[in-house]
Structures are given as structure tokens and as C-alpha cells.
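Student: Kindly produce the complete structure, drawing on both the sequences and the hints.
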Amino acid sequence: MRGGGAIAGGATAGAVLVAEHVEMIFASPDSPLEALAEADLALAPNEFVSIIGPSGCGKSTLLRILAGLVRPTGGRVLLHGRPLTSPRRQIGFVFQHANLMPWRSTLRNVTLPLETQGVASESAERRARELLELVGLADFADTLPRDLSGGMRQRVSLARALVHDPEVLLLDEPFGALDALTRERMNWELLRIWEARRKTVLMVTHDIQEAIFTSDRVLVMTARPGRIRQEVEIDLPRPRSPEDLYTPRFMELSHTLRDLLR
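For the sequence shown, position 68 matches number 68 in the working numbering, and the numbering has no gaps at all.
Be aware that one or more of the hints could be misleading.
[As the list claims (entries may be wrong)] Have a look at the derived ranges for each label pair, beta carbon to beta carbon: (1) M251 <-> S55: 21 to 31 Å; (2) S31 <-> E243: 46 to 56 Å; (3) P54 <-> N99: 19 to 29 Å; (4) P87 <-> E243: 31 to 41 Å; (5) G56 <-> N99: 21 to 31 Å; (6) A120 <-> D235: 42 to 52 Å; (7) H21 <-> L69: 41 to 51 Å; (8) G118 <-> E243: 28 to 38 Å; (9) E122 <-> M1: 44 to 54 Å; (10) R262 <-> P242: 19 to 29 Å; (11) D259 <-> H21: 40 to 50 Å.
Source of the hints: derived by calculation from the structure; they are not laboratory data. These numbers were taken from a predicted model, which means no experiment stands behind them. In this text, a Cβ means the ideal position worked out from N, Cα and C, and glycines have one as well.
Tutor: Okay, structure coming up:
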């Protein structure tokens, strides 16, 4: 377990995505709202990292800044050592809600990003079907979103984020709206997909168990204005299995993270 503060020089060497002293202040008629205060992190290639913290601490804001969707008021984000100031194809993003086009089939929802990039329809469809096979929805290619369960809709959203083969995948509480059993199954599915594609993943979650089960590291944020307070290494062996949830080490890590959140 490491404390927060500035990133050590060695931590950024070879990192895919880095946040350096990122600050975010939102203007307000009454008084400015300081959402983030010098948040620092570095993501190594192929690792899975989760962020937890109190509600309103700026987790989602930080994720949007890392995606290039929002410009910070201070600090900077680096993608392979170069400043990131706008969205890039190397970064995929999955929101809490699937946000699928209700009139488009599962397949056509997944091909949408490729269509906007001008990819030939035959190539776009082939890549989309490959991703639907990966997320276990090959048999639902022609199904409309209204006929899919919540977990299935999030799988479509995940396939859509992966269809242009990004290096980094940012997940903003992707399973937060699902019931407990579906969420647990989706965690197993997410790890299966990650092990198959080995992306660099950063996931925001409120669920300590989810963070431990999926991650190599868990970053704990302070209350607003948010900053990274602690980093906890998750030293459970991979591949993970449901039985890991009941091991003494899993329980120990859970207590550590709960104490940090308090």
C-alpha cells in the first residue's frame, strides 16, 4: 500500500496513460466548485486498475478528463508521453448506462463508431460480429435493445467501446445499475474479456468487492476536492475465480479499503 501525492518518476516510465497534478474547478454563480485537487495516477500497459471513493469526490470527472472529454483547469494528461486534449481512438469509454440507439439492432449499435469513421460496411460488420462473439451475444445480433436485459445491454456497450480496438478502456461504474447477481456475473465476464484482449483498464466503482476481484491495483480517492489518497496492490493470483471472494486475503483487502474510505 502506497500513499498519495505526486507520481514517482519510475511510475510514469512506460506508462500508457498518466494524470499529472490534474485539477478541476467548475464555475458557479455562487462560488466555484473544486472537484479535483492535484490528482495523480499512471496506468501501465495491460493492467486493470479501479478507483473507489466517497460519492461526489470527482471519480467520474477524472475519468472524463482521462478520456479527453473534459479539459482540466490545471495539470495535464499524457497518452504515451504526449498531451491529451481531446478524445482519441486509442481510448474507449463505457458509461454507467448503455446509451444504445433504440431503433438500431445489437449489431448496428456496435458498428456505429466504425460507420462514423467511414469504415466500409463489410469490414465494420465483420469486426462487430467478432466483438459480439467475444461478449457472448453472437445470437442476438439482430435484437433491439428493448429486448435485451440490462446486463446484455452493457455487453453491447462494451463491444461498441472495443470495436475500434482501443489501447485503454475507461469504465464509469458500468454495472452500477444492475442487480447484485447480474453484477457479479458481469464482473466474471469483464475479466474473461480483459484476459482475452489485455487492454489497459481503469474502472470507477462504488463496490469494494468488485474493485478487489477485478483489479491489479485499487486507487482510493479523498472526499471533494478529490485526490488519490492511497494505492492498494491486489496481490491475489490470476486468473481469478468466485472462490477468491471467500479467502482470508480477500477479506483482509476488503477491510483495508473500507478503513481507507472511512
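Student: Checking each numbered hint in turn, tell me which of them this model violates, lowest number first.
Tutor: 7, 8 and 11
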